[in-house]
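Position chains B and E relative to chain X; hints supplied.
Protein chains in written order, with my numbering: chain X, 1083 to 1280; chain B, 12 to 170; chain E, 62 to 318.
If you're looking for bench data, these hints aren't it; they were derived computationally from the structure.
Incorrect hints may appear among the rest.
As the list claims (entries may be wrong) - Derived Cβ-Cβ restraints for the label pairs, each shown as a range:
id: 1; chain 1: X; residue 1: Ala1163; chain 2: E; residue 2: Lys238; range: 22 to 32 Å
id: 2; chain 1: X; residue 1: Asn1107; chain 2: B; residue 2: Asp77; range: 23 to 33 Å
id: 3; chain 1: E; residue 1: Lys253; chain 2: B; residue 2: Asn139; range: 25 to 35 Å
id: 4; chain 1: E; residue 1: Leu200; chain 2: B; residue 2: Thr38; range: 43 to 53 Å
id: 5; chain 1: E; residue 1: Glu159; chain 2: X; residue 2: Thr1193; range: 45 to 55 Å
id: 6; chain 1: E; residue 1: Phe186; chain 2: X; residue 2: Lys1111; range: 19 to 29 Å
id: 7; chain 1: E; residue 1: Phe293; chain 2: B; residue 2: Met167; range: 30 to 40 Å
id: 8; chain 1: X; residue 1: Ser1096; chain 2: B; residue 2: Ser61; range: 27 to 37 Å
id: 9; chain 1: B; residue 1: Met167; chain 2: E; residue 2: Asn283; range: 52 to 62 Å
As the list claims (entries may be wrong) - The following residues of chain B were derived to be distant from chain E, with all beta-carbon distances above 10 Å:
id: 10; residue: Lys22
id: 11; residue: Arg30
id: 12; residue: Thr33
id: 13; residue: Ala35
id: 14; residue: Thr42
id: 15; residue: Asn48
id: 16; residue: Gly57
id: 17; residue: Gln67
id: 18; residue: Lys71
id: 19; residue: Arg79
id: 20; residue: Ser80
id: 21; residue: Gln115
id: 22; residue: Ser141
id: 23; residue: Met143
id: 24; residue: Gln146
id: 25; residue: Ile148
Even glycine gets a Cβ: it sits at the ideal position worked out from N, Cα and C.
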Amino acid sequence: MATSEKLSASQSRSLKITGEEIWKNKTEKINAELFTMTYGAIVSQLCTDFQRDYNKVNDQLFSMGYNIGVRLIEDFLARTALPRCEDMIRTSEVITKCAFKIFLNITPQVTNWSPSNDAFSLILLENPLSEFVELPMDATKQLWYSNILCGVLRGALEMVQLDCDVHFVSDILRNEPQTEIRIKLNKVLKDEIPIGED
Amino acid sequence: MAIYSFWIFDKHCNCIFNREWTLAADTNSGTMNSKQNEETAKLLYGMIYSLRSITQKLSKGSNTNDVRSISTGKYRVHTYCTASGLWLVLLTDFKQQSYSQVLQYIYSHIYVKYVSHNLLSPQDFADNESEMRGQGIRKITNKKFLQSLEAFLVPMINN
Amino acid sequence: MSGPPAALTEKQKLQQQFQLFQESLPKVNQLALTLLLNETIPLSMAVQKRLNESELSKMENDDELQINDIDLKDKLYITPKLDLPSHKLIQEISKCNEEDKLKVIERLRNIGFQIGNKMSELLVFTNNPNLEFKDMDLLLIMKFICRDVWKQLYGKQIDNLKTNHRGTFYLFDYDYKPIQPFSIEGDNSDEKTQEKELELVKPFLEIPVGIINGVLSSLGYNKEDVSCEATFVDRPDEKSKAAFPKGISFHVQILNQ
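Looking at chain X on its own, in the form it has when it is part of the complex:
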């Protein structure tokens, strides 16, 4: 697979400006702590429901995120009018500079590219879902607190024909050094053609 060049500085800047402009002028804002609290109530309820079986909580958060993501993508595309990305490099820039900026007002870093540029990591330096949250001991070993984000990303990417694995690698909530989400492209889904036309 040919190595794509990194996005030119001007392309990158224009995505950044798009994201910032939409955040600044076309968004109704609320205090992040409300959002943190609401999410905390949801995770807490799930932990009670699944009796602290954190694998089940992780899966449920992922599934919830997926259902949000498949609809959120339309809102995102309507706001930004962005076309499909040519490659994962551009995808990573759109995700961090536009999507995260517009919805959560954060810009994760992109690192750890795979040799064939089909996988990368997002490093979240701040996370409005988990601000001031402390996990109980047993949860620090198994719970991916913000797993809803993985579901949202997977659902949204799937709707633009990118079949990706999205999962947490580490989380500062677990006393790990950083919060890292890995996104790996499995395959580009083929656009459907009507039966009888192939």
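Showing chains B and E alone in chain X's frame:
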């Protein structure tokens, strides 16, 4: 009449909405999601698909170039295609060059609001594989979508 | 010739400080909160289904593939099992049996309760010069809910508050924000479909019910002494066609008053 009809196609090659206005004098005229338009829908889909496909090939593989309008002798077809595989299509006369802002408005303020953010509505109109690849028949039928669309487009029909 | 502007009163200075403080807090897009809140309703049904399924498999002694080896699990990433789409889960709530339905509703009220609890803590500790929690009686607490809690969560206040001054309150929200885009598939000009639409949307009201309970609880009114129910009501005047057809009335009763 300025606007003849409006169509929405989804990523499964299905027409999930159509509205045709027939009489300039009566804006309640015409059809909505009617079976009569099945054939037309498929032909319209095919025409847009072929031209988009060729356009993308001519742009040396880059998918940032896309069809915006197609003119025939009798009407102009305006298309707005999203990265999520949704096509919003308007058939109009020749008075106005571009309707892309109209289509963009319909997408952001009517489709996203009353389909994507409406949890009572499906987001994916194909329930299973047998409804994909152009074989599906489900349509957008919720009243808020229909009313908002009428309210927005009807004033433009006789421009 | 006008003199220098009058000095701000102490209260005005505090209000200004409070404004600046509020503006400096980290923000997120309101849509993120709305989508999160709305998705809790299908989530609640999805959880109930999963709980029912695992009860069933426990009884049938199904062999579930357990990957306990942590190393293996990391290398073998399997996409988690997904639930039905949101709109189908919502339909299931109105179709499931009474027992499950009650559990789904209770789950939603619990989530709302926790939100309400934490919200009052949040707002109590923000040094808002407009709020004096020391001498808050029930009426002031209800006004707090109507103005501050609702404004924070939904960007608008409760439209109307009625009380008999003996522990019963009616809070009217004629444009409850989270449900405004909701609209049932199919022609809803007949009564049956309209009723079905309200039935599908009803569970969404359990979250604000829980929130009201949660706020009252954190300000000293125990769960057992508070009863809160939500119903659909007609709007008092003709509003634009684009809004959800009904408004909401929250009936709050404080027992032992």
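Hints, verified against the model:
For alanine 1163/X and lysine 238/E, the Cβ-Cβ distance of about 26 Å falls inside the hinted range of 22 to 32 Å, so the restraint holds. One distance hint, 23 to 33 Å for the beta-carbon pair asparagine 1107/X and aspartate 77/B, holds here, with the actual separation near 26 Å. Between lysine 253/E and asparagine 139/B, the C-beta spacing of about 28 Å keeps the proposed range 25 to 35 Å intact. The hinted window of 43 to 53 Å between leucine 200/E and threonine 38/B holds, with their beta carbons roughly 51 Å apart.
Distance hint check for glutamate 159/E and threonine 1193/X: the Cβ-Cβ separation is about 52 Å, which falls inside the suggested range of 45 to 55 Å. For phenylalanine 186/E paired with lysine 1111/X, a C-beta distance near 21 Å keeps the hint of 19 to 29 Å intact. For the pair phenylalanine 293/E and methionine 167/B, the supplied restraint of 30 to 40 Å holds, since their beta-carbon distance comes to about 35 Å. Distance hint check: the CB atoms of serine 1096/X and serine 61/B are about 32 Å apart, consistent with the given range 27 to 37 Å.
Evaluation of the 52 to 62 Å hint for methionine 167/B and asparagine 283/E yields a pass: the beta carbon distance comes to about 58 Å. Interface exclusion of lysine 22/B from chain E stands, the closest Cβ pair being 15 Å apart, more than 10 Å. Here arginine 30/B stays apart from chain E, with its beta-carbon at least about 15 Å from theirs, past the 10 Å limit. Against chain E, the non-interface label of threonine 33/B holds: every CB pair exceeds 10 Å, the least being about 21 Å.
Chain E leaves alanine 35/B outside its interface by the beta-carbon criterion, the shortest separation being 24 Å against a cut-off of 10 Å. No Cβ of chain E approaches the Cβ of threonine 42/B within 10 Å, the least distance being about 15 Å, so the stated non-interface status holds. The Cβ of asparagine 48/B sits about 18 Å from the closest Cβ of chain E, beyond the 10 Å cut-off, so the non-interface label holds. Every Cβ of chain E is farther than 10 Å from the Cβ of glycine 57/B; the closest lies at roughly 28 Å, confirming the non-interface assignment.
Non-interface call for glutamine 67/B relative to chain E: holds, since the shortest CB-CB distance, roughly 30 Å, exceeds 10 Å. Every CB of chain E lies more than 10 Å from the CB of lysine 71/B, the least distance being 35 Å, so the non-interface label holds. Every CB of chain E is more than 10 Å from the CB of arginine 79/B (nearest about 29 Å), matching its label as outside the interface. Every CB of chain E lies more than 10 Å from the CB of serine 80/B, the least distance being 29 Å, so the non-interface label holds.
No Cβ of chain E approaches the Cβ of glutamine 115/B within 10 Å, the least distance being about 18 Å, so the stated non-interface status holds. For serine 141/B, the condition that its CB be more than 10 Å from all CB atoms of chain E holds, with the nearest at approximately 17 Å. Every CB of chain E lies more than 10 Å from the CB of methionine 143/B, the least distance being 15 Å, so the non-interface label holds. The non-interface label for glutamine 146/B is consistent with chain E: the shortest C-beta to C-beta separation is roughly 19 Å, beyond 10 Å.
Every Cβ of chain E is farther than 10 Å from the Cβ of isoleucine 148/B; the closest lies at roughly 14 Å, confirming the non-interface assignment.
Comparing the model with each numbered hint stated earlier shows that all of them hold.
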